[in-house]
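Engineer: The chain contents come next:
Number of protein chains: 2
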Amino acid sequence: MHSSAKSPILIALSLVLAPLVQAAPAQAPTMSQLLAGSSAADWRPLDPENTLYLELASGRVVIELAPAFAPLHVANIRALAHAGYFNGLAILRVQDDYVVQWGDADGTRALADGVEKVAAEFDAPIGAHDAFTRLPDGDVYAPLVGFSGDFPAARDPKIGRTWLVHCYAMVGVGRDDDTRSTGAELYAVIGHAPRHLDRNVALVGRIVKGIDELSSLPRGGEQMGFYSKTQATVPIRAIELAADVAPAERSNLEVLRTDSRLFLRVIESRRNRPEEWFKAEAGHIDVCNVPIPVREIPPAAAQSSP
Amino acid sequence: MHSSAKSPILIALSLVLAPLVQAAPAQAPTMSQLLAGSSAADWRPLDPENTLYLELASGRVVIELAPAFAPLHVANIRALAHAGYFNGLAILRVQDDYVVQWGDADGTRALADGVEKVAAEFDAPIGAHDAFTRLPDGDVYAPLVGFSGDFPAARDPKIGRTWLVHCYAMVGVGRDDDTRSTGAELYAVIGHAPRHLDRNVALVGRIVKGIDELSSLPRGGEQMGFYSKTQATVPIRAIELAADVAPAERSNLEVLRTDSRLFLRVIESRRNRPEEWFKAEAGHIDVCNVPIPVREIPPAAAQSSP
Chain A
706 MHSSAKSPIL
716 IALSLVLAPL
726 VQAAPAQAPT
736 MSQLLAGSSA
746 ADWRPLDPEN
756 TLYLELASGR
766 VVIELAPAFA
776 PLHVANIRAL
786 AHAGYFNGLA
796 ILRVQDDYVV
806 QWGDADGTRA
816 LADGVEKVAA
826 EFDAPIGAHD
836 AFTRLPDGDV
846 YAPLVGFSGD
856 FPAARDPKIG
866 RTWLVHCYAM
876 VGVGRDDDTR
886 STGAELYAVI
896 GHAPRHLDRN
906 VALVGRIVKG
916 IDELSSLPRG
926 GEQMGFYSKT
936 QATVPIRAIE
946 LAADVAPAER
956 SNLEVLRTDS
966 RLFLRVIESR
976 RNRPEEWFKA
986 EAGHIDVCNV
996 PIPVREIPPA
1006 AAQSSP
Chain B
706 MHSSAKSPIL
716 IALSLVLAPL
726 VQAAPAQAPT
736 MSQLLAGSSA
746 ADWRPLDPEN
756 TLYLELASGR
766 VVIELAPAFA
776 PLHVANIRAL
786 AHAGYFNGLA
796 ILRVQDDYVV
806 QWGDADGTRA
816 LADGVEKVAA
826 EFDAPIGAHD
836 AFTRLPDGDV
846 YAPLVGFSGD
856 FPAARDPKIG
866 RTWLVHCYAM
876 VGVGRDDDTR
886 STGAELYAVI
896 GHAPRHLDRN
906 VALVGRIVKG
916 IDELSSLPRG
926 GEQMGFYSKT
936 QATVPIRAIE
946 LAADVAPAER
956 SNLEVLRTDS
966 RLFLRVIESR
976 RNRPEEWFKA
986 EAGHIDVCNV
996 PIPVREIPPA
1006 AAQSSP
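Sequences listed follow chains A and B, in order. Residue 760 in this note's numbering sits at position 55 of the first sequence; the count goes up by one each step and never skips. Residue 1009 in this note's numbering sits at position 304 of the second sequence; the count goes up by one each step and never skips.
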């Protein structure tokens, strides 16, 4: 804990010592300062093959897919987006402090060719996911938490499994009691991390821009936040794979690499906030309170990327 | 972990045994089932002297105040509401995954008589808060977490202090770099629990009904979610103390007592969800994922309460 108040004695002492001391100890940098001092190598451009644009009347929501964790579902979602399956569907459900869900309310629309239910992808063998920036702060739900492929993740070394975790803005696949699913119904987390869903659903990605287009939608009036017949519908104009969108129309986003040294410094800047306003240091940070920064870069810069 | 699939051998065996077995082991009850079986003594009516109604055009937000944790600020807020101080002010700030804040943008409106800055109430001595239903699941931020006065709380026995924690729907007092504040500017949490604010702000209560009126507001376009001049304002029609409102106009709410045996069963029903849909048991629960149930009772029943 630090205080902004100084006693008269300390002030007098600092006046006396001022000529002897070169400078006060540097204040730890804030996240904004750290990001302002980042280098290009700290950032990873989004892969258009793993990026979805969910287009609403109010704006675009950008989703980064996580094929390393859910290859079967991501392949389905890519095929569905490519075939225009989602275009003209609607938001089905907005449950406060929980999720926004979208898909085909009637379940009558034909899926894209080759898309059918695939096996559950609730977790994956650790072997395929060696990159893991461990967060040493502990976790209520999982033996280990951290970041893998720039997504929040957990792992249990005893059973050799890893999985993505349900932080705010994560995107998962709706399913019924069957553990298999197609990926044609998706949801995004818009509340306190519902970590009890971990390992019960295939998480397939994360919203990296525009989640406020979803989180600020009117809540549904029916059970579980389903929209009632009397509520205005929220149409989905389209969900497109960025690779299917003309380069000039793409959102040029980069994600901070969570295996960078800079990211470790970002974590510390959020674990113990250096801003003057804070009086008590938290000393710890929850995996879902660690921001994974995203930045927009000018199209010219994006096009010159390798 | 449990599976809904049965092997043919198990099905055959259960057919053979069916006449011998009275019933399958009872499934653990869901939260809905537990609440449906509650008794009147499990619930605590709100005290009109500790209840605020924040009235928006879209509906009423009900806030339960926590005078046991922040007596000075709660006294101020009561005086401000009683004097009509908040009436006609507006929502200042809606920052996604963080807070909604309201108050006097210009800071020019006169406070109520006797209301001035009071000392920080970031935590309190444990002695005054003997009632504490401890959650044994652990916590990333605090040595102990649980529930006190039917609010989510933490404590550190080593230093003998306790404090309310920043779960979704908690209400706190905005302040500047000074640790003292008046209570004339308030905020509510509308995102993943910003626990780094714990012990940095006076939390003064919790929204027990209508938080979706705040969480679904358009996000502000300026830094920190402040509304820009071009955005529509969201006026606060009034903030009134329930005690100042005619009984027929009050919201008749009851909160589940967190020192009841039923509440422990509610926690377990959320820690390991009994619903068929869930395949993997979480085994643990975060303090901010434990619901503190609220119910609305018919006015007649409310008026006959002692």
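Just to be clear, a hint being listed does not mean it is correct.
[Stated by the list, open to error] Within a straight-line C-alpha distance of at most 27 Å, the following computed DSS-like cross-link-like pairs (lysine-lysine) qualify:
1. A:Lys914 with B:Lys934
2. B:Lys984 with A:Lys863
3. A:Lys984 with B:Lys984
Hints were generated in silico from the structure; no laboratory data involved.
Engineer: Please go over all the hints and tell whether each is borne out by the structure.
Structural biologist: Status of the hints after comparison with the structure:
no.	hint	verdict
1	A:Lys914 with B:Lys934	holds, 23 Å
2	B:Lys984 with A:Lys863	holds, 19 Å
3	A:Lys984 with B:Lys984	violated, 43 Å
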